[in-house]
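Quick mapping for you: the protein sequence lines, in order, are chains A and B. Take the first sequence: its letter number 40 is residue 39 in numbering that gives the first Met the number 0, and every next letter is one higher. Take the second sequence: its letter number 33 is residue 32 in numbering that gives the first Met the number 0, and every next letter is one higher.
A hint or two may mislead.
Take a look, some chain A residues computed to stay more than 10 Å from chain B by CB distance [as the list claims (entries may be wrong)]: (1) 60; (2) 189; (3) 232.
Output of the computed footprint for chain A on chain B, the stretches with three or more beta carbons under 8 Å from beta carbons of chain A [what the hints assert, rightly or not]: (4) 225-237; (5) 251-257; (6) 263-272; (7) 275-281.
The set of hints was computed from the structure by calculation and includes no laboratory data. All figures in this text were calculated on a predicted structure; none of them were measured in a lab. Even glycine gets a Cβ: it sits at the ideal position worked out from N, Cα and C.
For reference, the chains in residue letters:
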Amino acid sequence: MTAPLLKVEDLSKSYVDPKGRRVEALRGVSFEIAPGEVLGVVGESGCGKTTLGRTIMRLMEPDTGRIWLCGEDFAAKSGAALKAARREVQMVFQDPFGSLNPRHSVGAIIAEPLIVHGRLGARERVAELLDLVGLPPDAGARYPHEFSGGQRQRIAIARALALSPKLIIADEPVSALDVSIQSQILNLIADLRERLGLAMLFISHDLSVIRHVSDRIAVMKDGLIVEIGPAARVFEAPEHPYARSLLASMPRLPDA
Amino acid sequence: MSAGVARPVPAQPVPAAPVLSVENLSLAVGPLALVEDVSFDIRPGEMLGLVGESGCGKSVTALSILRLLPEPPIRIASGRILFGERDLAALPLDRMQPLRGREIGMIFQEPMTSLNPVFTIGRQIAEPLRLHLGLGRSAALVRAAELLDLVGLPEPRAALDRYPHQLSGGQRQRAMIAIAIACEPKLLIADEPTTALDVTVQAQVLELISRLRREMGLACLLITHDLGVVAQICERALVMYAGRIVEEAPVLELFRQPRHRYTRALVDTIPARNRPGARLPAIPGQVPAPGARGEGCPFEPRCAAPVSRCGPERPPLAGPWPHRAACWNPAA
Ligand SMILES: Nc1ncnc2c1ncn2[C@@H]1O[C@H](COP(=O)(O)OP(=O)(O)O)[C@@H](O)[C@H]1O
Ligand SMILES: Nc1ncnc2c1ncn2[C@@H]1O[C@H](COP(=O)(O)OP(=O)(O)O)[C@@H](O)[C@H]1O
Ligand SMILES: [Mg+2]
Ligand SMILES: [Mg+2]
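Chain A with its partners taken away, still in its complex shape:
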């Protein structure tokens, strides 16, 4: 077996809500992602999916636990070492509009990580990225509000890919999109995986989307992974009672 790209050990994170009560959003989560692998994380709202993604990104610090990235202790890094390691993991959010600065041109938005990391040739790289995500070359000169939801998600993906990361954490990346646009983005994600060998932590509450994109699936409930395994096995023979009831509540479509 290849060494894991990402290894998360016993991650915990709690919040204090406005009434001063402790909310345990993650209660000891462990898993691995191999290079090029997509791990789907599914579960109902409030189970801790977003907290998991953001903690791994180090957008917030875990209370306990360790995060290994490419064999190195990511959680312990700081300063220049953290900045360097950050290139390897990028994030895509549900609401592409909220995550794109409306006052910056699309070209500037995509180039930002390149500039922050002191890369040369940003202009050429932006053109390359626009092409990679299926946007027209002139998109770089335009502004986010000129684009539809699906296209804005392409912009967010282009920015995430700018530094050629090995891992993308995607938090509900297609949940706000209509069915026809959702398929376009799912196909784009599949293409990018194939071309770039990306690994992903793909978070969604949508079971059929998770089944479609994932190599392995983790089912979360109340801050815990209650079941994890190969996608087909988890879907066809879930072992944990919660995973079973979650899957049973999925609307069934008539056969073709």
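Add chain B with the ligands to chain A, keeping to what the hints say.
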């Protein structure tokens, strides 16, 4: 219909008169058409699905039936909305008020916008009972608790004293359903009633709506962008695209032999209908905005199999009821 066509359907009962007949309804903002020439019937006890991607006109259609459109700017440009003897499209707004909540119940996607945050749940359910059915205060509260029990809210008596923000999303949606059915309306308009809910709660709410339909003979227009929800509980559905009904069919036929190329594409692109990981047969482009819908078929620019008349000529909704489609080159 031509004289020689005999319908071989003696075994079917004569269908009951529709609860609601929408006839050639068009809605507009200034010169811009939002909804065009929409017609459909709902019969007693029937669950009719209305599906389509965002912006196609589902919500404005629902709101027009309730006369809850912001009028102006939106206006009913033409058509009739027959509810029993009355044409709701022509009713003065003050005569609409007594129908809402009494004869037509409504459920929306986000209960927080329709529940009043400053009143208790009990008061909000009791109010229509007192107003429309003339129940006294305590009788209305007893009935309100029964309704909360019926929709499966735990500890219904205690829930009467709660405020909307003290309930979970699923509980609020149940409370809204309790309000919607309190006066035993003939018709329920449910606009994306489960879209904001988790799947397990969605399954419970859909089951609740189906049960009420069976037990109370409620007719329901269920609006959703989710074909899975329609498959789950509707027997018939309308597919809307760019402000028009493009297909109307029994749900099984809609999945098995869709005629409109848009419906075909929509059904084919659903991840659950494809092999995991396979390339999805995607639909290129996006839904046109009102004003950019073109002369002919609004789906033509995205269609996989257009023919020459699709661009210039608008296809009519055609074919024998119950399966009709507006497509010049149908898929089946
Ligand atoms: N900033 C915060 N302050 C307090 N509680 C929070 C905060 N963010 C999330 N939570 C709580 O943590 C839990 C997990 O939330 P989240 O990670 O957003 O779950 P998911 O993405 O699966 O819906 C929930 O109970 C949520 O209410
Ligand atoms: N108050 C309004 N003024 C102008 N246009 C409106 C208004 N409300 C809705 N629309 C437009 O009408 C179209 C149909 O909207 P809607 O019925 O909400 O679609 P759906 O519910 O199918 O997503 C959209 O293009 C929307 O922008
Ligand atoms: Mg989340
Ligand atoms: Mg709507």
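Right, here's what the structure says about each hint:
1. 60: holds, 28 Å
2. 189: violated, 6 Å
3. 232: At roughly 12 Å from the nearest Cβ of chain B, residue 232(A) sits farther out than 10 Å, so the non-interface label holds.
4. 225-237: With 6 residues close enough to chain A, the hint holds.
5. 251-257: holds (count 3)
6. 263-272: Per the Cβ count (7), the hint holds.
7. 275-281: holds (count 6)
Consistency note: the structure conflicts with earlier hint 2 alone.
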